[in-house]
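For the record, the sequence lines run as chains S, B and F. For the first sequence, the numbering used here gives the first residue as 1, with consecutive numbering after it. For the second sequence, the numbering used here gives the first residue as 1, with consecutive numbering after it. For the third sequence, the numbering used here gives the first residue as 1, with consecutive numbering after it.
No wet-lab data here; the hints were simulated from the structure. Heads up, a few of these hints could be off.
Calculated Cβ distances over 10 Å to all of chain B for the following chain F residues [said to hold, decoys possible]:
#	residue
1	S69
2	V153
3	I156
4	V161
What follows is a set of in silico ranges between Cβ atoms, one per label pair, in the way DEER data are often shown [stated by the list, open to error]:
#	chain 1	residue 1	chain 2	residue 2	range
5	B	L66	S	T181	44 to 54 Å
6	F	I39	B	G37	32 to 42 Å
7	S	A192	B	N7	48 to 58 Å
Even for Gly, the Cβ is constructed at its ideal location relative to N, Cα and C.
The residues making up each chain are set out below.
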Amino acid sequence: MKNLSQPRAARRAMMGLAGGLTAVLALTACGANSDPQGETESTGPTGSIVVGSADFPESQIIAEIYAGALNAAGVEATTKPNIGSREIYYQAMEDGSINVIPEYSGNLLLLADPAATAASAEEILAALPDALAAKSPDANLGVLEPSEAEDKDALVVTAATAEKYGLTSIADLAEVCGEITIGAPSTFQERAYGLPGLKEKYNCEPGGFEALNDGGGELTLQALLNDEVQVADIYTTTPSIADNDLVVLEDPENNFIAQQVLPLINMDTVGEEAQNVLNEVSAQLTTEDLLSLNREVSGDEKRNPADAAADWLSEKGLAG
Amino acid sequence: MDYSSNNLFVQMGEWLSDPVNWSGPRGIPMRILEHLGYVGLTMLIAMAIAIPLGMFVGHTGRGRVLIVSGLGILRALPTLGMVFLFALLFSRGVLPSVWALVLLAVPPVLSGVYAGISSVNRTVVDAARSMGLTEWQILLRVEVPNGLQVMIGGVRAGILQVVATATVVAYAKADGLGVFLVEGTQINDNGRLFGGAVVIAVLAVAVDGLMALIQKFAIPAGLRATRPGAGSLKESGRQEAVASAQGGTT
Amino acid sequence: MDSIQGIIDYVPANAALLRELVGNHLVQSILPIVFGVLIAVPLAQVARLNRSAGAVLLTVSSLLYTIPSLAMFVFLPLVLGTSILSMVNVVVALTIYAVALLMRSTVDALNSIDDGVRQAAVAMGYTPLRRFLTVDLPLSIPVLIAGIRVISVTNISMVSVGALIGVPSLGRLFTDGLTRNYPEQIAVGILATLLLALLLDLVLVVLERLLTPWTRATPVRTARAAAPDVRTVAA
């Protein structure tokens with residue numbers, strides 16, 4: 001089952017290590033003259049909007065899209081990528097160091113109100129404004145129109161496993177649960193949508209659990225393809241799902257709550273004109289777009305997020 | 001888990017004192033065992049490489065420049081990057097991470113062994129040679145016993161670094177004490193995050209203390225009895241050799 | 001994708017990001033060295049003059065030295081009240097390690113200075129402070145710099161670990177590279193780290209030559225020439 005090209009890939013990378021030295025030399029030569037902190041750029045002129053992003057590629061791409069659309073419409077905007085986890089960038093929203101950030105509706109609601117029970121897209125959107133106001137009474141935070149695009153945790157199996165057990169939905173898992181091993185981040189064992197949710201909603205207690213802490217990335221994929229785990233927790237906009245003919249199990253009981261992509265903004269600093277621009281972006285952004293953008297950035301091409309975002313904007317007639 | 005207070009120290013204390021966290025496959029004792037497993041395997045491989053090499057270079061003096069410059073580069077190698085690179089290139093098993101840690105452990109062990117062997121007074125070695133000892137006998141009966149303390153100092157420095165750095169393994173494969181830090185950040189459980197950090201720190205201090213004891217008793221009985229006074233200059237030389245063998249924690 | 005080409009192409013395509021990360025990385029590696037020297041040298045003098053204070057200082061510092069960096073990065077915000085994302089945590093943690101390592105070697109260096117040299121300075125009417133700054137300190141520079149070189153190499157590789165808790169540095173190329181399945185980016189991060197370590201080491205070697213001209217002026221080391229300008233010492 002092992003990927004036979006791996007040793008060759010390794011050798012190539014080792015040669016690459018040596019070959020790349022020249023390139024890095026060239027880099028530090030130019031880096032030496034520049035401001036070491038690079039901070040002069042981050043504080044834009046007054047009135048300029050700062051778009052932040054979380055510490056994963058998709059968030060960076062959407063942030064670049066937001067900023068690109070704003071700039072194209074004549075609203076000055078800069079980006080502050082890779083801020084960190086939700087708890088951390090939410091603080092940055094509260095203290096005003098960023099004004100806009102791409103968010104996912106369900107997770108944002110759970111941050112604002114950990115006891116929230118809303119699960120469908122509509123329920124979540126309805127609950128968000130009050131929850132945000134209660135969480136941050138001093139900062140005028142709000143969300144704009146949601147996009148059709150969604151990215152959430154999903155249980156994924158290989159086509160072979162799906163066929164072997166006749167799986168199309170998590171409900172089908174119930175009978176075979178004892179025979180399978182689930183691979184997911186180690187916190188899946190205690191999250192509401194994790195093992196507790198599977199047991200409660202689908203009466204599924206998997207025979208084994210393998211902790212994989214790369215956020216549903218390459219290591220998780222390899223574990224699934226090598227059949228070390230039969231079911232894996234992978235985000236729905238991950239290109240490797242389609243690339244490897246993986247089957248996303250349906251979730252009739254809404255174990256994984258809706259996660260629509262939408263902008264979280266500071267209502268005081270993001271004016272009406274800017275809000276309209278962001279709403280236009282949301283009107284056009286689809287789940288398929290996220291998939292192909294993720295493929296460009298994390299697939300073989302490894303484009304940088306800003307370039308991928310710029311192409312998307314001109315394709316949709318929002319810039320350039 | 002639910003804490004009685006928002007105070008981080010209270011949360012840390014509650015997490016550490018909750019019996020649930022001290023049992024089962026995800027409990028603290030199991031994670032300590034996993035952690036020590038990585039450390040043990042890493043040190044076995046690193047010592048198998050570094051001890052013979054260090055003895056050869058220390059005894060013959062050949063390849064000294066090569067070793068010194070090679071170790072400098074190895075020391076600067078970021079273990080975090082190596083763990084992730086190996087995980088992507090060679091699959092996420094135990095071994096890729098262990099090899100990345102071996103690269104970290106070899107420099108202190110190698111330079112400790114080398115320094116130990118070459119710190120032995122040359123007149124002693126020459127005396128042994130003139131008495132007709134073979135090169136092997138000189139190495140094993142004269143140089144190793146005399147340099148043993150410095151050599152163990154190198155191993156000690158290596159172990160300390162590996163115990164500290166094995167935490168990053170958890171970011172590639174969910175093993176060892178680093179898991180508490182990964183999980184603590186992921187689900188915003190500060191008790192687990194800070195409690196886990198305390199366990200790692202305590203383990204490092206305990207292991208280092210144990211090694212310090214071993215190092216202390218590593219002077220062969222014969223040497224201990226015969227040279228109580230001759231030590232002072234030699235001792236400071238030893239300390240310097242140990243200090244230079246230590247490359248800092250990670 | 002061809003790996004070598006991938007690594008070479010990566011650099012110009014991501015120059016802005018790399019420049020920012022290299023900058024952050026350097027700040028977090030160099031500041032602890034500067035602070036470490038400024039703290040360790042006076043402490044070493046205290047430790048040398050007062051035996052019991054010295055014993056306490058050396059024990060505490062070697063204990064702190066044992067605490068793993070990741071644990072320290074996580075723990076310092078609790079003590080300092082800083083954000084967990086802050087570079088301050090990394091700088092403070094690495095400063096602590098630097099002080100621990102430098103103090104021990106500086107004590108040894110100060111102890112190894114020929115007492116005759118000190119007495120000569122006293123006879124010339126030097127105050128204790130002036131003697132320390134113009135005689136003791138310059139003569140310990142080679143040992144001090146040897147210690148600093150060890151610290152700079154390890155600092156550069158340790159700073160990366162901060163990326164695991166969100167502090168920006170070249171380590172971000174590792175964490176981001178893992179999520180994007182991008183070994184070339186990780187390789188660039190490793191190469192850049194090695195290169196920074198090499199450059200910083202060269203700077204330190206040059207610095208040592210500049211600060212200790214007497215070691216080259218006469219083949220036999222004499223204390224007579226050992227009074228370089230005090231201002232340069234603090235660098």
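Between F:I39 and B:G37, does the beta-carbon spacing fit 32 to 42 Å? holds, 38 Å
Beta-carbon spacing of S:A192 to B:N7 - inside the hinted bounds 48 to 58 Å or not: violated, 25 Å
Would you check whether the claim that F:I156 is not at the interface survives, using Cβ distances to chain B and the 10 Å cut-off? violated, 6 Å
Non-interface claim for F:V161, where every Cβ of chain B lies beyond 10 Å: violated, 6 Å
Hint says 44 to 54 Å; check whether the CB-CB distance for B:L66 and S:T181 agrees. holds, 47 Å
Any Cβ of chain B at or closer than 10 Å to F:V153, or is the non-interface label fine? The claim is violated: F:V153 sits with its nearest Cβ about 5 Å from chain B, within 10 Å.
Taking the closest pair, is the beta carbon of F:S69 still more than 10 Å from chain B? violated, 6 Å
The structure is inconsistent with the numbered hints 1, 2, 3, 4, 7, although it conforms to all the rest.
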